[in-house]
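S.K.: Input sequences plus hints: build the corresponding full structure.
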Amino acid sequence: MTARPGRDIVSRLLLVLVLVWTLSPLLWQGITSLKPDSELMQLSPLLPSHPTLAHYRALFEHQPFHRIMLNSFGIAALTAMTALVVGALAAFPLARLPVRGKLLMLGFVLGATMFPAILTVGPLFMFMRVLGLRDTWWAVLVSHTTFALPLTIWMLANFFRELPEDLYRAARVDGCSPWQAFTRILLPLSRPGLTAAGVLAFIFSWTEFLYAFTFTATEASRTVPVAIVLFPGLHEIRWGEIAAASVVVTVPVIVLVLVFHRHIVQGLTAGALKG
Amino acid sequence: MTSPICEQTPVKRGRRALAAALLCLTALQGGCTSQPPSGADDTDVVTLVFRHGKLSGDLRPLQDLIRRFEATHPTVRVRAEPLPSNTDQQHQIYAINLEGGASGIDVLAMDVIWIAEFARAGWIRPLDDLFGPGQRAEFFPNALEAATYGKKIWAVPWYIDAGVLYYRKDLLKKYGRRPPPTWEELIETVRIVLGGEQEPRLYGFIWQGRQYEGLICNALEFIWGNGGDVLRPDGWTDLTSPATTNAVTFMRDLIHRHAVSPSLVTTADEETSRHLFAGGRALFTRNWPYAWSLFEQEGSPVRGKVGVGPLPSFGGGPAVSTLGGWHLGIAHDSRHPEAAWQFIEFLTSPEAQKVMARKVGIAPTRRSVYHDPKVVASQPILSTLQPILERARPRPVTPFYPMVSQILQSEFSAVLAGLRPPRTALVAAERELLHTLLLERL
Amino acid sequence: MPEVRFDRVEKRYGHRPVIRDFSLTIREGEFFTLVGPSGCGKSTVLNLVAGLEPVTSGEIYFGDRPVTYLSPKERDIAMVFQSYALYPHKTVFENLAFPLRLRRVPQGALQGEVQQVASLLGLAGLLAKKPAELSGGERQRVALGRALIREPQVFLMDEPLSNLDAQLRVQTRAEIKRLHARLKTTTLYVTHDQEEALSLSDRIAVLNKGAIQQIGTPMDIYRCPSNTFVAKFIGSPQINLVPGRLHPGPPAHLDVGPVQVALVRDPALQADSPTPANSLDVLVGIRAEDVLIQGTPESLPGHSASVVDREPAGARSWVTLRWGSAEIRAEASSDFLMPQNHSVGVAINTERLHVFDAASGARLPWIALPPKRQHGYK
Amino acid sequence: MNRQSEARTGYLLLFPALFTLTLLALCPILILFWLSTRYRVLPFGIDAFAGIYHYVVLLQAPRFWNSLGVTLYFAALSVTLELLLGLAIALLLSRQFRGAGWVRALILLPWAVPTVVTAKLWDWIYHPDLGVLNYLLQHLGITTAPVNWLGMPSLAIHAAIIADVWKTTPFVVILLLAGLALVPPDLYRAAALDGASSLQTFVHVTLPLLRPILLVAALFRTIDALRAFDLLYVLTGGGPADATETLSIYAYKILFQTMQFGYGSAIGVMMFAVVAMLSLLQLWLGRHDMRRLVGRLP
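Chains as they are written, first to last, in my numbering: chain A, 451 to 725; chain B, 25 to 466; chain C, 27 to 404; chain D, 50 to 347.
There's no promise every hint is true.
Derived DMTMM-like pairs: lysine to aspartate or glutamate, alpha-carbon spacing no greater than 25 Å straight-line [what the hints assert, rightly or not]:
1. C:Lys155 - A:Glu615
2. C:Lys116 - A:Asp487
3. C:Lys99 - A:Glu615
4. C:Lys235 - A:Asp616
5. C:Lys235 - A:Asp487
6. C:Lys156 - A:Asp487
7. C:Lys99 - D:Asp172
8. C:Lys210 - C:Glu177
9. C:Lys155 - A:Asp487
10. C:Lys156 - A:Glu615
11. C:Lys156 - A:Glu489
12. A:Lys552 - C:Glu79
13. B:Lys383 - A:Asp487
14. C:Lys235 - A:Glu612
15. C:Lys99 - A:Asp487
16. C:Lys99 - A:Asp616
17. A:Lys552 - D:Glu55
To be clear, the hints were calculated from the coordinates, so they are not data collected in a lab. The structure displayed is predicted, hence computed values, not measured ones.
M.R.: What follows is the structure in structure tokens.
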């Protein structure tokens, strides 16, 4: 399109404004994490005059932050994998096999993503208590499955559905059982869909707070978001370390978003547009 | 030409990597949960896990004490794990950890209001066998009362708190005023001093009106001081009595009618109040004893200008302070109760209390410490405090205290913010309180 | 290679019937084509044979073996899809080898068979490529190869040529015909293109709305369409259907356009229906090549027509004529240059007239008397 | 039999997922309803029948009505702002320009940031003494004294809404950008040839074609905003004076700070009813446009 130059400048300005609004809070947290304590207690200068990594060091010295990072990573990775495996298994029949009640099942799956977590957290707490799972990875993993699984089922069912139906038919005629057609033809072709679903499940689990907060108690299972909320401050809030921890927990998702941007967008819009 | 094997290799490789990653993760998970992160303890050495939080001031004296304990008890190691600063979150962590056992905690510091709850839930051990009447005699009786539930004693008072009034000696002297014995006089003094100073940044009276447990402490001081009550000893409520209603109305009026307290008290906690007063921004403040040594520390703008005394009363009645403080108990599932008890005995010993009193500025729970010359020399405030602490009143000792507190926080806060008239709020609170108190009869 | 037999097969989606009372036998080694407009159910028949969809009732046999309830795998069939359905993540080699791998053919034999099929179809140089790197024609041949390689009992093709451009289509058509001549596999071919059907098939079934209209050799169907649907569907340009009136006589004759044609009962269809008592409205089918434009109207009195439109089509032209009250198309040589409204003489090859009942569209058992025995007008 | 065996494979493959979801999503909801009729205090072993008494108390409790109001206000205002802002940003980004891909990826970042981090970073920005917001406002001469953003009931809820808008607008932008990409470019050309101004093009071409997606975005966001927990819990904890206490936070406090699983579940059930009613209402209002969504279900 041809735009008049004046209009172009206005839209460019607006664009800059949007980026400032979007990114400056994040940048500010990054700047805060680099300020020494003395500069945190006053507000000019805005930028650190003596940038320091002290808060990052403190993070790993004052509490077992590496352990907490490992919890977060392990739980998120296992959640994503579980959801992918179980979700792909379920998505295939929903997309391709002659099972009854598909609409009902899809409604159930969609409904499960819409339940507020606060409704299930109480009863799940009772499950965990009975099974003795509190403060273990399992507790968090299992609870994260409640939103990761519907997500992957929904996204993958859509994805399988959009692969040409003839491919599945061809595989069947060539001699595949439904299962073989799934594993040898549909799955290898679904790498983009699997990536999108996996990355989203990972991000959701990595950032989840309510379940992790409720089912964990110690560094045996505490995840990074929970650790940020429960910073052991004695009486003042350690803003510098909180900022450092925020950066540490945010950088992985930023990398994921920048690398898998297309997949994520596809995944997020799958339910809404191509549903 | 293409070999058919080529096509499969990357897939297989990928699969193998995935399986390996999974194995690693599960191994790590198993490895880490089955043993504490710091490594397993050996046969003879016992490791105690001590969880505590909310220690104002310097942490080092406590660490030194623990080192000293370890030196005298070579078979015991203590791992101190501080909790988050927010008391509600501490409570939740305890609840989640202790519920159902296998908490890994041995010794825990408890807010005085949790003891009955923890006792009823079976999370801590009764200490009657270890903590005999002879040993108790030296402790403040009100602190012991708060640690008694179902005729058993569940925790040893570690340090004690009571609400006190801090005032600016210099300003009162300048206007020829005395520390106000009544609330009425406090209002008058504030008017005179603020009127004279003409300093917009100077506030009159700062207290804790934020929606949290501190608000209940403040409110109870007004309510009890006015002869009202929340939960009567007979287990019924007294929330809607005129005495209680008037007291709550008076709190609101301090802000909205008398204007001696700025509206920011509705968001102030201890630290906000302390910072304001320490910055010379208030004439009076209500706070706990811990604040005194911080006001008096080097570099403080109000150093040497601060006086401390009992809270005012209504029309010459008795002044009442809310009893606060932290107690030490033993987790029910502790595998080393003997060592845990030795540690508690040590931390509550006169020697340890003296150290904590002198170096941290917290109030000891043993009366004898108040007469120790070295302690008195470094913390002269203690002699002023002792009668106040002696009279301080524990909040209702009931396992349902957290629920009671939740209800009251919400309604008191609404009153202070001007969202609901006191009467309406108290009626609502009473209805919810009765609903909760039904639990006690189940 | 067995025959494929349908015995009263029905297929419904919910309550909507898509295949009705479908009985048909495809002979051993035959190249059989199902042709019909889109939505006539021809692809559904293919899916039923393949086992990709269940039948609602009826039976399908391969030889004597009922296969109605077997899975596609157990039926031993191969299929070429309109979209080719090549596995995009596999090389050409792996695409061809896939059906063999599923049958656990040993590596050595597999290599050999793939090479053989590849050289047969001229794919030898493409084995390492992925489908995305191939041209349309190459993809089509890979799809064919994947079907051929198993030497299946039955070969199914679902519009395999419709995604090719015109030139390639004709070329591939010839190739398929040659392959079939060589392999003699029973083949069921589905297309909407009547020309393709005519040129490839041993026999054809014309389908409309889920029902068979006519089964026969290409010539049978072209020469003797059993109803107006078949008549219109087969042949290009479309057959002229001119309203007329049949007088059973005697003598039996037909009024069509400005002419009268003497009729006799068709000996082949004689027994089927009784002679109607009264005259009735009919549609008379006349193919364009049977309308001959012959110089001026004067030379053929009563057979004059006027030119409405002229469409040159290379070697010949199609000319639309006003003939009596009807419009008909005629085939003319490319040098036919008469302008619009010009009058021309027209001769109808009455031997190839088709008479259909105007009400039902069904073919009526009447044919024209041979010209020499025509009475009346010359 | 071929068909039935295919279906059997299907049920077999569906089983793990359906079992998991039934156990972890459906059962808890049913248990929630059951718990709401009981007195249940886990640590004390209290477990007794309460009937509808929890509901009776709840409906008379000002705190409940307050939290319902806060929930609705928070959801309504934040979703409205997100849709407006999201639409504006999406229109801006839908144009082709250099680095569009990068900008679209960067714009997504707040969505991916853990909500807890969002809360903490806004908490820091809003800090009355040390926050950069007060610093900037005072330096620009907009305010003279520091504002206690999270301390005042009337400000706190709006401060929280702004943080929520910051975090979730990217999601709306992504949806709407995908929607805009589906508008055939020929329509814009036709509108331009017909002499439509850009406003007219927006009103008559873009908006009607975007409507179904706007509705979907509104539905998703409303459901999400109604259940918002993390942000408010960390940013304000529901205070001051319950001004930011949504139903989620109310329920959580009763459940896990006082361990009253019966009463807390009753709040949960009320919340379930509110979310269900509002989403059904939205689905009904957008039923014609939603048909597109439902029509393309797998």
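S.K.: Taking the hints in turn, state whether each one holds.
M.R.: Checked hints:
{"no.": "1", "hint": "C:Lys155 - A:Glu615", "result": "23 Å, holds"}
{"no.": "2", "hint": "C:Lys116 - A:Asp487", "result": "59 Å, violated"}
{"no.": "3", "hint": "C:Lys99 - A:Glu615", "result": "17 Å, holds"}
{"no.": "4", "hint": "C:Lys235 - A:Asp616", "result": "23 Å, holds"}
{"no.": "5", "hint": "C:Lys235 - A:Asp487", "result": "82 Å, violated"}
{"no.": "6", "hint": "C:Lys156 - A:Asp487", "result": "60 Å, violated"}
{"no.": "7", "hint": "C:Lys99 - D:Asp172", "result": "63 Å, violated"}
{"no.": "8", "hint": "C:Lys210 - C:Glu177", "result": "10 Å, holds"}
{"no.": "9", "hint": "C:Lys155 - A:Asp487", "result": "62 Å, violated"}
{"no.": "10", "hint": "C:Lys156 - A:Glu615", "result": "19 Å, holds"}
{"no.": "11", "hint": "C:Lys156 - A:Glu489", "result": "61 Å, violated"}
{"no.": "12", "hint": "A:Lys552 - C:Glu79", "result": "18 Å, holds"}
{"no.": "13", "hint": "B:Lys383 - A:Asp487", "result": "24 Å, holds"}
{"no.": "14", "hint": "C:Lys235 - A:Glu612", "result": "29 Å, violated"}
{"no.": "15", "hint": "C:Lys99 - A:Asp487", "result": "72 Å, violated"}
{"no.": "16", "hint": "C:Lys99 - A:Asp616", "result": "16 Å, holds"}
{"no.": "17", "hint": "A:Lys552 - D:Glu55", "result": "14 Å, holds"}
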